[in-house]
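Number of protein chains: 2
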Amino acid sequence: MAGSQKKITYSAIAERSGISIATISRVINNSSNVKDDTRKKVIEAMKSLGYDTSTLEANTSKTNDLIIFNIPSLDNPFYSLIIQGAKAAAQRNGYNMLINEDPIDDRSFDSFTALLKKTNAAGLITTNCIARSTLLRLNAILPLVQCCECIDGLNIPFVTIDDVSAARNAVEYLISLGKKRIAFINGPIEYKYSQDRLKGYLQALEQAKLEKDPDIIIQLQEIDYDMAVSAATQLLNSAQRPDAFFASSDVYAAAAIKASRRASLRVPEDIAIVGFDNIGLSSLCTPSITTVNQPKFQLGLLSCEMLIKRINAEQIPIQSMYMDTELIVRETTQKSLRS
Amino acid sequence: MAGSQKKITYSAIAERSGISIATISRVINNSSNVKDDTRKKVIEAMKSLGYDTSTLEANTSKTNDLIIFNIPSLDNPFYSLIIQGAKAAAQRNGYNMLINEDPIDDRSFDSFTALLKKTNAAGLITTNCIARSTLLRLNAILPLVQCCECIDGLNIPFVTIDDVSAARNAVEYLISLGKKRIAFINGPIEYKYSQDRLKGYLQALEQAKLEKDPDIIIQLQEIDYDMAVSAATQLLNSAQRPDAFFASSDVYAAAAIKASRRASLRVPEDIAIVGFDNIGLSSLCTPSITTVNQPKFQLGLLSCEMLIKRINAEQIPIQSMYMDTELIVRETTQKSLRS
Chain R
1 MAGSQKKITY SAIAERSGIS IATISRVINN SSNVKDDTRK KVIEAMKSLG
51 YDTSTLEANT SKTNDLIIFN IPSLDNPFYS LIIQGAKAAA QRNGYNMLIN
101 EDPIDDRSFD SFTALLKKTN AAGLITTNCI ARSTLLRLNA ILPLVQCCEC
151 IDGLNIPFVT IDDVSAARNA VEYLISLGKK RIAFINGPIE YKYSQDRLKG
201 YLQALEQAKL EKDPDIIIQL QEIDYDMAVS AATQLLNSAQ RPDAFFASSD
251 VYAAAAIKAS RRASLRVPED IAIVGFDNIG LSSLCTPSIT TVNQPKFQLG
301 LLSCEMLIKR INAEQIPIQS MYMDTELIVR ETTQKSLRS
Chain B
1 MAGSQKKITY SAIAERSGIS IATISRVINN SSNVKDDTRK KVIEAMKSLG
51 YDTSTLEANT SKTNDLIIFN IPSLDNPFYS LIIQGAKAAA QRNGYNMLIN
101 EDPIDDRSFD SFTALLKKTN AAGLITTNCI ARSTLLRLNA ILPLVQCCEC
151 IDGLNIPFVT IDDVSAARNA VEYLISLGKK RIAFINGPIE YKYSQDRLKG
201 YLQALEQAKL EKDPDIIIQL QEIDYDMAVS AATQLLNSAQ RPDAFFASSD
251 VYAAAAIKAS RRASLRVPED IAIVGFDNIG LSSLCTPSIT TVNQPKFQLG
301 LLSCEMLIKR INAEQIPIQS MYMDTELIVR ETTQKSLRS
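If you read the sequences in order, they're chains R and B.
Mapped onto full-length UniProt numbering, the consecutive letters of the first sequence carry residue numbers 1 to 339.
Mapped onto full-length UniProt numbering, the consecutive letters of the second sequence carry residue numbers 1 to 339.
The shape of chain R in the complex, shown without the other chains (with noise of 0.2 Å):
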């Protein structure tokens, strides 16, 4: 606010203009979520007590109703129906939303908070893999949810899955199919995705005694399809071959797909194979993939209107949320009567 503003009170206004405080209170800090009508009354009503509305005239014809949407990477077609969820919530409420694929670090910090500051944002999504501190100062710039990916005990708010138990659920059912040696291939560490559905891995082999050999665990540092092919071919050319793939990741379910034919091997007989978030790619190849359904749709939608919240409203209480997500049983696990 301008120094000139200070002497304002609010309750006089409410009395002028008949209009709550908490309304008067974020037209005065030019927030989106007033009525064009109720703004006028505002403004009116602080004229005839005297106040200086010209700050605020000028903002009247530049709300801002911009939300941004970070993710790491359009190649990922993860994202795509996280975006159309976030998408819909945000038509839904009068907001526009742009997409943005830039990482958020150290280094980009400026130029990214000035690309927010000039485009006028009202919020931010994000879907990247970004440090702690770098989050804070985010949060304090402009309202932040995270969405999918997230740090907990942050105090901004998260929509995501619970990693842990969504990928032990997933190797359970390898095991219950009578799999003995489960192979994991696993995307960047650094994300905390990939530490988490690694931990699940782990306890479903030690729940079932199974034995754990960082051998057949296939470590990668990015979502790539060819990277995934050789690692996954030269353990089928190993000695004490794997009978299992759980992969993080539907690319490198294909991947797994593609390295049985090369070594000869059928599936889902000789190896079956599990993927993770039914991506269109998971259904699209021969055999199907049986995958870790993510409720995409639903996570981009419940973070745009967790933001929109906070957009409105500067003091809410952080909530939180953990969704649900499934086993799809396709054909990489189950021979069906027709492929």
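Any given hint might turn out to be false.
Said to hold, decoys possible - In silico contact screen, one side only, chain R against chain B (beta carbon under 10 Å); selected entries:
| # | residue |
| --- | --- |
| 1 | Glu44 |
| 2 | Asn64 |
| 3 | Met227 |
| 4 | Gly280 |
As the list claims (entries may be wrong) - With the C-beta cut set under 10 Å, the calculated list includes, among others, these residues of chain B facing chain R:
| # | residue |
| --- | --- |
| 5 | Tyr79 |
| 6 | Asn93 |
| 7 | Ala114 |
| 8 | Ile257 |
| 9 | Lys258 |
| 10 | Ser283 |
| 11 | Cys285 |
| 12 | Gln319 |
| 13 | Met323 |
What the hints assert, rightly or not - Estimated spans, in silico, between C-beta atoms of each pair:
| # | chain 1 | residue 1 | chain 2 | residue 2 | range |
| --- | --- | --- | --- | --- | --- |
| 14 | B | Ala12 | R | Gly94 | 49 to 57 Å |
| 15 | R | Ile217 | B | Asn155 | 53 to 61 Å |
| 16 | R | Pro103 | B | Ala263 | 21 to 29 Å |
These are calculated hints, taken from the structure and not from any lab test.
What you are looking at is a predicted structure, and each value in this text was computed from that prediction instead of being measured.
All C-beta atoms, glycine included, are put in the ideal place defined by N, C-alpha and C.
Could you slot chain B onto chain R? The hints should help.
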């Protein structure tokens, strides 16, 4: 330019500041592509010559360096690499880029242009299918470049491929393999690319004196895998089944693989398949898909470079570009030694 600036002669400012006339022109036209130091020097020189620089000084801190990349849908992985190319060009030139997936038509025009204004966008690249009149209205508002999907003859630049000849080449290749009854799975026909690929397909059949049978042209309303599987399966179960599919998208080609499996036909022995775009899926599929590669990264990069030229100079000749495609032969047309 404001009226008060009319008397400026660039040569006087160039002489005083030691800065080139081209750069001075960019400063005066508030182009974002000028270093802050240089901008200050030009303004100082103008001041010392008695020019009114108030408008320029006001604009110094809010250079508009935002490019909006508009796409029909994030669902189609085809756009991912195009956007990466555009982003590379944007970053190299000091621009930010945000992605928008709204349709642009009469109904959305006002809200879309309001968004461009609110975010202070400097220019727009679009891969959307937009009506002629709407493109012209947009082009009057801000610098615009059409990427891939385009309308020629509007004095609005575009960077695209020659879809007619790319499709003709692909079908000629299938004919060279001895295929006589080549079905075509085509996308939304309002898109110019669909119209052109259909033209190319028909030209190839005509030149080879093969029958043009409308019964084996599947025309779909969207890029939908399931719909394509159903339609292709139906065709393969008909009395006169095709011996090949040409698909105007790799997603359709993946659907043709699935349909062939369902009809217990071998790919490529019984059914050869050629896709289009060379998206990641085409090499991930088993068998991998023979397809027409589009230079996606380059399409994006050159579109963005063209846009930045337009942003920085109001009057540049409209130079559109057709980029080369190539056929990438994989397992859906050629039995490989290792699958």
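Results for each hint:
Evaluation of the R/Glu44 hint against chain B yields a violated restraint, the C-beta minimum of about 25 Å exceeding 10 Å. Proximity of R/Asn64 to chain B holds as hinted, the smallest CB-CB distance being about 8 Å (cut-off 10 Å). Here the hint on R/Met227 is broken, as its CB sits about 13 Å from the closest CB of chain B, past 10 Å. The beta carbon of R/Gly280 is positioned within 10 Å of a beta carbon in chain B (closest approach about 7 Å), and the interface hint is therefore held.
At about 7 Å, the closest approach between the beta carbon of B/Tyr79 and any beta carbon in chain R falls short of 10 Å, and the interface hint on this residue holds. The closest approach between the C-beta of B/Asn93 and any C-beta of chain R is roughly 14 Å, which is over the 10 Å cut-off, so the hint fails. For B/Ala114, the interface hint holds, since its Cβ comes within 10 Å of a Cβ in chain R; the closest pair sits about 8 Å apart. Given hint, B/Ile257 at the interface with chain R, holds; its Cβ is 6 Å from that chain's nearest Cβ, closer than 10 Å.
Here the hint on B/Lys258 is kept, as its CB sits about 6 Å from the closest CB of chain R, short of 10 Å. With 10 Å as the threshold, the beta carbon of B/Ser283 comes within range of chain R, its nearest partner Cβ sitting at about 7 Å, so the hint holds. Contact between B/Cys285 and chain R, as hinted, is supported at the beta carbon level, the nearest pair being about 7 Å apart and thus within 10 Å. A cut of 10 Å between beta carbons decides the hint on B/Gln319: the least distance to chain R is about 28 Å, and the hint is violated.
Below 10 Å, beta-carbon pairs count as interface contacts, and B/Met323 has none with chain R, the closest being about 21 Å; its hint is therefore violated. In this structure, B/Ala12 and R/Gly94 meet the distance hint of 49 to 57 Å, their C-beta atoms being roughly 50 Å apart. One distance hint, 53 to 61 Å for the beta-carbon pair R/Ile217 and B/Asn155, holds here, with the actual separation near 58 Å. For the hinted restraint 21 to 29 Å between R/Pro103 and B/Ala263, the CB-CB distance of approximately 46 Å leaves it violated.
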